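Protein chains in written order, with the numbering used here: chain A, 1 to 298; chain B, 299 to 581.
Be aware that one or more of the hints could be misleading.
[As the list claims (entries may be wrong)] Computed list of lysine-lysine pairs in DSSO-like fashion (alpha-carbon distance at most 27 Å, straight line): (1) Lys164(A) <-> Lys366(B); (2) Lys498(B) <-> Lys50(A); (3) Lys244(A) <-> Lys480(B); (4) Lys366(B) <-> Lys268(A); (5) Lys480(B) <-> Lys24(A); (6) Lys149(A) <-> Lys498(B); (7) Lys480(B) <-> Lys137(A); (8) Lys21(A) <-> Lys480(B); (9) Lys102(A) <-> Lys367(B); (10) Lys102(A) <-> Lys366(B); (11) Lys498(B) <-> Lys164(A); (12) Lys245(A) <-> Lys498(B); (13) Lys367(B) <-> Lys164(A); (14) Lys480(B) <-> Lys20(A).
Hints were generated in silico from the structure; no laboratory data involved.
Just so you know, these numbers come straight off a predicted model, no measurement behind them.
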Amino acid sequence: MNAPSEAIVINDLWKIYSRKKSLKISSSDVENEEYVDELDKGEDAVVAMKNVSLTVNHGETFIIMGLSGSGKSTLIRCLIRLVEPTSGEVVINGQNVTQMRKTELVDFRRQSLSMVFQHYGLLPHRTVLDNVCFGLKLRGEQLEERRVKAAGALEKVGLKGWEKYYPAALSGGMRQRVGIARALVMDAPILLMDEPFSGLDPLIRRELQDEMIWLQKEMNKTIFFVTHDLSEALRMGDRMAIMKKGEIVQIGSPDEVIANPADEYVAKFVQDERDQVQRAEQVLAREKTRKEEAAHVS
Amino acid sequence: MFPEAFQVHIAPAVNRFIDNLISSYAPIFDSISAGILSFLLTVNNILDAVPWWGYILAVALLSWYSSKKIVASIVLAALPFFIGMFGLWGMALQSLSIIITSVLMALIIGLPLGVLMAEVRFVAATLRPILDGMQTMPSFVYLIPAMMLFGLGRVPAVLATLIYALPPVIRLTALGLNQVPKAIEEAALAYGATRWQLIKEVRLPLAMPSILAGVNQTTMMALAMVVISSMIGARGLGQEVLLSINRIDVGRGFEAGISVVFLAIVIDRLTQNMAKRWEPPKR
Chain A
1 MNAPSEAIVI
11 NDLWKIYSRK
21 KSLKISSSDV
31 ENEEYVDELD
41 KGEDAVVAMK
51 NVSLTVNHGE
61 TFIIMGLSGS
71 GKSTLIRCLI
81 RLVEPTSGEV
91 VINGQNVTQM
101 RKTELVDFRR
111 QSLSMVFQHY
121 GLLPHRTVLD
131 NVCFGLKLRG
141 EQLEERRVKA
151 AGALEKVGLK
161 GWEKYYPAAL
171 SGGMRQRVGI
181 ARALVMDAPI
191 LLMDEPFSGL
201 DPLIRRELQD
211 EMIWLQKEMN
221 KTIFFVTHDL
231 SEALRMGDRM
241 AIMKKGEIVQ
251 IGSPDEVIAN
261 PADEYVAKFV
271 QDERDQVQRA
281 EQVLAREKTR
291 KEEAAHVS
Chain B
299 MFPEAFQVHI
309 APAVNRFIDN
319 LISSYAPIFD
329 SISAGILSFL
339 LTVNNILDAV
349 PWWGYILAVA
359 LLSWYSSKKI
369 VASIVLAALP
379 FFIGMFGLWG
389 MALQSLSIII
399 TSVLMALIIG
409 LPLGVLMAEV
419 RFVAATLRPI
429 LDGMQTMPSF
439 VYLIPAMMLF
449 GLGRVPAVLA
459 TLIYALPPVI
469 RLTALGLNQV
479 PKAIEEAALA
489 YGATRWQLIK
499 EVRLPLAMPS
509 ILAGVNQTTM
519 MALAMVVISS
529 MIGARGLGQE
539 VLLSINRIDV
549 GRGFEAGISV
559 VFLAIVIDRL
569 TQNMAKRWEP
579 PKR
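Here chain B stands alone, though its shape is the one from the complex (with noise of 0.2 Å):
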């Protein structure tokens, strides 16, 4: 065992931490709170004025524009039709809602950050282990604090979102800049290209494929939040779930669930898709 006598904890710190936060800081998490409300009752009012056959010919519309291939984006579109068919829609589009939003978030905070990494190193070494950190820290542990912090209901659910979904927008856009190879960008600076002109002409357009295939990534993994974020609170198709989890309906889960899975499927080939559109041409 281990020794007894080297037990430290920290347990207490980070509670007054958080009380303190909560005693002193409140008026600055409620305007917070308010900014990203509004602007995911924005995201919703917009899905929401769709009508629902709107959404299936953008599907494939978007599908056939960026792939060219018409069974594929019939299969595509279907899959949406079916979570309608399951009585599930309006849930899918609260769960969508909370996925643009948190995604659009994490676009926002993201990219710049990829830059930045990449540009300057002590960025990048500061960055690391706290992207790690977020990436792998139980999402209940900080689940409790941003229900404390913000509330129930959907605006910690796109926080915790954010905070998982995050880390992959950011490694993809560094990674995406430091692979640009070195003659190309040793040409453009015999050109006389300054540094923003460097990163803005060669090395974002040439670190497209690795942002996008980063943008893909982070919807992805803010679709797995869906469950869990309903567990403070957010309505949507991880409601759904976790009711069927309660009741033992094992039928009626099945169908959230699948339609997490074609939500997840549909906006997972339009990003991969558009991703291979900012590909440099091959011919």
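For reference, chain A alone in the conformation it holds in the complex (with noise of 0.2 Å):
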């Protein structure tokens, strides 16, 4: 098998929740424009993503941006089915996610990828280290070995010592260090990451940006990231997909998005990071002319 070179491709991928039971949406409903429009209008159907389709390479790091209800969280469910989508297609290192069965999917899930959610999603009942050998256990691993492999990911991520405390005795970061921990020691190819840091005060949420990056630098792994916040995606991102109302309206590197916004929405959120830019430009200025009329003064 000659490994594709595209880690994640995604093809018209629809998602409509049905809020009435009688309602059934069906994945050729999606081609009627008009009918869609009437859901999306009406009040018994929310059309949460619409005819998204996106390439994720391997070995990068791809941000989907958005603002709350822009149907970034559903897009990223439905890539490992936690969400059915209504249609289209998923092909994760050449498997049609869409189109497996229930136990190939399970399987699939245990092997090929791990996920790390904004709440955690941690076991109360279970010590730090049988949380991190979780994934494990379902895998069907020995006891002894994912001990070691757990141990092992939890140093990784800087919590070595906290193996026998319950997650209820950590701090928000350390419980999403013990979540990357667990997602790390399955040693998948594939990282799927809910907004993993949204959560937490600023000054961890920079820190574990950064040992995510650390890792990632010597992990070379794909990560499917999903945030609101525009800075992180900036110094996360390889390149970036940003979602609005369940469409994507623009992709591409972080770099090309500031540059050139493809629209108003998009312009809206650069806005922010580039009138920062602007100042911290303008206070280093201050600085400099300051402490040069300084030294010229002595």
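Combine the two chains into a complex, taking the hints into account.
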């Protein structure tokens, strides 16, 4: 089998949530534009994701950016069918996820990827070490082996010595480190991250971002990263897609997006970042002149 | 007045149904009865084999183990001693054997049903009104047919207690399973948990405090049935209460009544402390 160059390929992916039991939406419905518009306006259904297509290359950190309700969480869940897409296709590492049977899907989730969640999703009744072991246990690995691997992963995220504690004893940042260790220990080629740092305070967030970047240099995984924080996207991402009301409005490298926003929505997003850069430049310039003047006086 | 023309009675149908059951299925009920009786006798024999101080020691140790409070443990261990002082030890053990038998049966039936109720919507929809009925139907209504089907004595008492005590364990099991945070379930699924793994590794352990609260409730309900079941000939503390009511012997009734209360307090504290130990650690 020759490995395809794309890690993740998404073709025309749709998700329409039905709010009424009687309303069944089939995959062919999405082709009828008028019907979709009608659903979108009505109360009975929510069009969460419209016609999303993108490809993520191996070893790339791909960011999905958007405000809440833009469909980014739906998208990342559709990748491993935590949410069933209404229509469209997801191919990961050459395997067609959308066509898998249940048992294949379970196997695929165990082997091919791991996920980090905004709300950690740790088991409160298990120790930190056992939480990290969880995925390996589901995979059916032996106790000794998974303990050794988990201890290694915990060391990687800087939680050595915390193995015997329970999640409740940990701060938010540390819990998310456990979440990251749980994902890393799976040794899967693809990492899905759903707003992993959004619930953390700014300093811890930055710390974890830096660590993630540092780890990624070593691991070279394919990372699919969802966030609503532009500066996070700019720091972490090789490429990014910006979502608005379930649609992708722009895909490009961070530089491209900042330099050439595709529409007003993206421009507004980017404006803050530009303002900050401008302000930083001004501050630095003022500081410089002040120092020069001081040097002059003395 | 409600118009007489609209009156319809289902009483004859119910009577016929029960008569039919008795005449056609007597062997089946006899074998069920024999099964329950042998279970009950085993429990009774085990209880009888333990010396009286064994109970007091066990209560003290269990309480100490689960709560780490010395005074509370000593007080709790003194309660069964009082029952013995009233001369009601043997009767308390007989009541206890009925309670333990019906609670064990309630758990064997109730836990799987609770899991089913949480997992399958159809089961939940059908079970809910039945459980309501079991809890609110006056117990004498089913005591009479139970007596007709299973004879007098301890077996119908166990069944009547079972009917009354089963709903809380089913309900609280289902409730606990449904209260597991969606974020945790989602994470387990994302790592490739099958439906059974999700139940076993995530939902059941997280539901454990609620399930144990159900066990506690079930035991308390079973205790409440002690007096009523003595009316159909089950021996135990209830019999003593009944006897003193008939003789208007207030003091004797009080001794038996307070013994039921002591029994209830001991069982309640022990199961509650056990439930606390199952809660996810706070630190």
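Do the hints match the structure? See the list:
no., hint, verdict
1, Lys164(A) <-> Lys366(B), "holds, 22 Å"
2, Lys498(B) <-> Lys50(A), "violated, 37 Å"
3, Lys244(A) <-> Lys480(B), "holds, 26 Å"
4, Lys366(B) <-> Lys268(A), "violated, 60 Å"
5, Lys480(B) <-> Lys24(A), "holds, 24 Å"
6, Lys149(A) <-> Lys498(B), "holds, 23 Å"
7, Lys480(B) <-> Lys137(A), "holds, 21 Å"
8, Lys21(A) <-> Lys480(B), "holds, 21 Å"
9, Lys102(A) <-> Lys367(B), "violated, 50 Å"
10, Lys102(A) <-> Lys366(B), "violated, 48 Å"
11, Lys498(B) <-> Lys164(A), "holds, 22 Å"
12, Lys245(A) <-> Lys498(B), "violated, 38 Å"
13, Lys367(B) <-> Lys164(A), "holds, 26 Å"
14, Lys480(B) <-> Lys20(A), "holds, 21 Å"
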